[in-house]
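Enquirer: Could you put the whole structure together from the sequences, leaning on the hints where they help?
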Amino acid sequence: MARILLVEDNSANTKLALLLLHRVGHEVQCAVDAETGIAMVRADKPDLILMDIQLPGMDGLSATALLKGDPDTAHIPIIALTAMAMKSDKDKSELAGCDGYIAKPLRYQELYELIDTLLARPNGRSR
Amino acid sequence: MSHELRTPLNAIIGFSEALKDGLVGDISENQLEYISDIFTSGQHLLSLINDILDLSKVEAGMMALELEPVDIDSLLSNSLSIVKEKAAARNISLELDIGKDLGVPHLDMRKTKQIVYNLLSNAVKFSPGNGRVVLGAKRVGRASVGKLAGLWPTQDFDLANSDYQDFLEICVSDSGIGISVANMGKLFQAFSQIDTRLAREFEGTGLGLAMVKQLAELHGGTVAVASAEGQGAHFAAWLPLRVNATDDTRDELESIAGAPSGQATKRVALVVESDKRAAALLRMLLENEGFSVLHAATAEAALELAPKQLLSLITLDLVLPGMDGWEFLLRISESKDLARVPVVVIAGEADTNMALAGGASVIMQKPISRTHLQTSLYGLGLQPSEQKTHTILVVDDDPKAVEVIAAFLPTPAYAVVRAYGGAEAITLAQRLQPDLILLDLMMPRVSGFDVVEALQHNPATSKIAILVVTAKSITAMDRSALSNNPDQVINIVEKSVFSQVRFIAEVRRALQPPH
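Residue numbers (the working numbering), protein chains in the order written: chain A, 1 to 127; chain B, 1 to 515.
Read the hints as simulated data drawn from the structure, not as lab findings. Treat the hints loosely; a few may be bogus.
Part of the chain A face toward chain B, derived, beta carbon under 8 Å [to be verified]:
{"hint": "1", "residue": "A12"}
{"hint": "2", "residue": "L16"}
{"hint": "3", "residue": "R23"}
{"hint": "4", "residue": "T36"}
{"hint": "5", "residue": "R42"}
{"hint": "6", "residue": "G57"}
{"hint": "7", "residue": "M58"}
{"hint": "8", "residue": "A65"}
{"hint": "9", "residue": "I76"}
{"hint": "10", "residue": "G97"}
{"hint": "11", "residue": "G100"}
{"hint": "12", "residue": "K104"}
{"hint": "13", "residue": "P105"}
{"hint": "14", "residue": "R107"}
{"hint": "15", "residue": "Y108"}
The C-beta atom is built at its ideal place from N, Cα and C for all residues, glycine as well.
Expert: Here it is as structure tokens:
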């Protein structure tokens, strides 16, 4: 079980993610935009971040680049969530520094596996 | 557009899957059946939407060809393995027949896979049990394009004019139900599964072949079909064999480099940085300041890119593979055009003096922060232009009031951060350094007055502009309580006179930097 921050602006998607994450015992906090998400990451240092890419205001990739550029938060694994299943989106999310990538719709097996893999990684700076 | 279409489906597919798999608790058999129907229909709709979006992208000329050397053998065998399970379920045999003289053609890998996969899955779908599907690939001359072996009636299409003489023919043959001559013409049109009865029996989007044709044409090739009813069908796609793609790559590079110059008002920054994360961060920060950003991962690439652009700024990481940053500095100082471009050097403290002597305008250390970059840009006379996004912190204990204000502030000009209490507002202001705080005064526990006081006591926040948005009539005493710091610009809007026009005007005024 881990402390996870979900950054997602769509309320139905938030509910779905909460359902899936609570079911396996994760503790979840939510932010509805990147700016709030960044503030919460800096304040609470969650174990993992699920970051929607398309957000109002600052987008999820910019937020990821910011968090990965800050030595205080660079070690926190970030999973990009995107509704666009294009190869270029995956590339872009890697470039921004995301540790994992899930194309929506959110499927629970894939979600659980990726979270477990990233949390099992030796918890140090990723570079 | 694509995002809007797919977002509702995330909830439909995600929740129905969670329900049907019992993640939410037990359900009856009837419920399971219906929920499973919602799930499969949702998935079907998603694949439809994906296909339509792809197709409309090609039609709108928005899909670009991304050519790369492709190992055609493994591409074809991988495609076969995707349909293996479906074929095995009905005992259909799959065969592969690849010519030896194909070399390593330059193709768009993803789109070629889509072509092969669509043809193969159709062939498997329409084959009877115990049937046979053959995937073939060979080199043919231009004169053979559109021609299929055998005596079956053929439907082909015009091949676009080009200099290509050699083509890769990808052909899929099946022993399935076949297509009548009358129906062959309709095959490659979108949504024309030729028979509604068939459509029910063979689920599909009816877009696969239309997509195949579009993708082949995008490559500069074409498609054809030959079939006899009840006997089977041959489907083929021809793609030009570009063995050397350098010409296309160069065109592409030029179009990328040339793109920003079309927008005369946008300033161009060149980021020379080998670390891709650092480059992504710089790109974001600079775009936020209204720059178009070009990126070069090496000094060599930067020297090639730089002369093609009217650059306003270069950022340079001294640590580079190959030619290092010092040499790059030297080279550009020798160039008449480039010597005038300010260079922000990203270096360790030890190198600061050397870099300044070498021609750097400003030195910055990693990690790069937004504030530091902004200060450097101001120092260089590169003030943010109009395209800059302003970060605005909206503070009100009434969430509805926050949403009303947020709705008034359009993206991308404004990025809105929300705070629902005074304490939260103080923390967020310190962390985010917003360009402007829109502040309600009457809040429980920590009031707007308290927020102003706290911000003024902290040097990091004492210069952030504040626009007080209040339902309270402001008294002279309130005014003096709010304005005992000459550095902090505080304006006031009363909610009673609230309109978007007036409001935006006040926000703009508050954002004007103090002179």
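Enquirer: Quick check on the hint: R107(A) CB to chain B CB, less than 8 Å?
Expert: holds, 7 Å
Enquirer: Against chain B, is I76(A) within 8 Å by beta-carbon distance?
Expert: violated, 14 Å
Enquirer: Taking 8 Å as the limit, does the beta-carbon of L16(A) come near enough to a beta-carbon in chain B?
Expert: holds, 4 Å
Enquirer: Take the shortest C-beta to C-beta distance between R42(A) and chain B; is it under 8 Å?
Expert: Because about 6 Å separates R42(A) from the closest Cβ in chain B, which is inside the 8 Å limit, the hint holds.
Enquirer: Holds or violated: T36(A) as interface residue toward chain B, Cβ cutoff 8 Å?
Expert: holds, 6 Å
Enquirer: Under the criterion of a CB-CB separation shorter than 8 Å, is A65(A) in contact with chain B as hinted?
Expert: It holds, given that the least Cβ distance between A65(A) and chain B is near 5 Å, below 8 Å.
Enquirer: Classify the hint on G97(A) as holds or violated, based on whether any CB of chain B lies nearer than 8 Å to its CB.
Expert: holds, 5 Å
Enquirer: Could you check if R23(A) really has its C-beta closer than 8 Å to a C-beta on chain B?
Expert: holds, 6 Å
Enquirer: Can the hint on M58(A) be confirmed by a CB-to-CB distance to chain B that is less than 8 Å?
Expert: holds, 5 Å
Enquirer: Would the stated hint for G57(A) survive a check requiring a Cβ distance to chain B of less than 8 Å?
Expert: holds, 3 Å
Enquirer: Per the CB criterion, is A12(A) less than 8 Å away from chain B?
Expert: Because about 4 Å separates A12(A) from the closest Cβ in chain B, which is inside the 8 Å limit, the hint holds.
Enquirer: Given K104(A) as an interface hint, is its Cβ closer than 8 Å to any Cβ of chain B?
Expert: holds, 4 Å
The structure shown violates the earlier hints numbered 9 and 11.
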